[in-house]
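Trainee: Please construct the entire structure, taking both the sequences and the accompanying hints into account.
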Amino acid sequence: MKERLIIEVFHSSKREGMYLFVEKAVGLSKVPDALMERFGKGISAMTMLLTPEKTLARAEAQKVMDEIRDKGFYLQLPPVKDDYLLDLYKTPTEAVY
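Counted from 1, the sequence shown has number 45 at position 42 by the working numbering; the numbering is strictly sequential.
It is worth saying that the hints were derived from the structure and are not from the lab.
The C-beta atom is built at its ideal place from N, Cα and C for all residues, glycine as well.
Please note that the accuracy of each hint is not assured.
[Unchecked claim] Below, computed lysine-lysine pairings styled on DSSO-like, alpha-carbon distance capped at 30 Å:
1) Lys66 with Lys17
2) Lys33 with Lys44
3) Lys27 with Lys57
4) Lys74 with Lys33
5) Lys57 with Lys74
6) Lys44 with Lys17
7) Lys17 with Lys27
8) Lys17 with Lys57
9) Lys44 with Lys66
10) Lys33 with Lys66
11) Lys44 with Lys27
12) Lys74 with Lys17
13) Lys44 with Lys57
14) Lys27 with Lys74
15) Lys17 with Lys33
16) Lys33 with Lys57
17) Lys66 with Lys27
18) Lys44 with Lys74
[Claimed, not checked] Pairwise CB distance ranges (calculated):
19) Arg7 with Glu40: 17 to 27 Å
20) Lys17 with Glu56: 28 to 38 Å
21) Glu6 with Glu40: 24 to 34 Å
22) Arg61 with Ile9: 19 to 29 Å
23) Lys74 with Arg7: 11 to 21 Å
24) Met39 with Asp73: 11 to 21 Å
Mentor: Written out as structure tokens, the structure is:
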């Protein structure tokens, strides 16, 4: 039998780019309270059938499935901004001519 899981993906109401992947039938019930406090209200983004071959944007499907089975959820954090990109937004401290 092929390995598959029906999952629901929630995005955070507090932090852009943070997502929780959970088994659809279980929902957010296995997510620790401390994490939910930081995550905020989970806003349903999508429901999908997940298989190890499925292509996800920023995660490996098999890893997501393993973590959902082991911990009850998979947390996807926002991508890390490269330091050189952050420099573009820093306020200049000295005049450049």
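Trainee: What hints, given by number in increasing order, does this structure fail?
Mentor: Of the numbered hints, just 19 does not hold.
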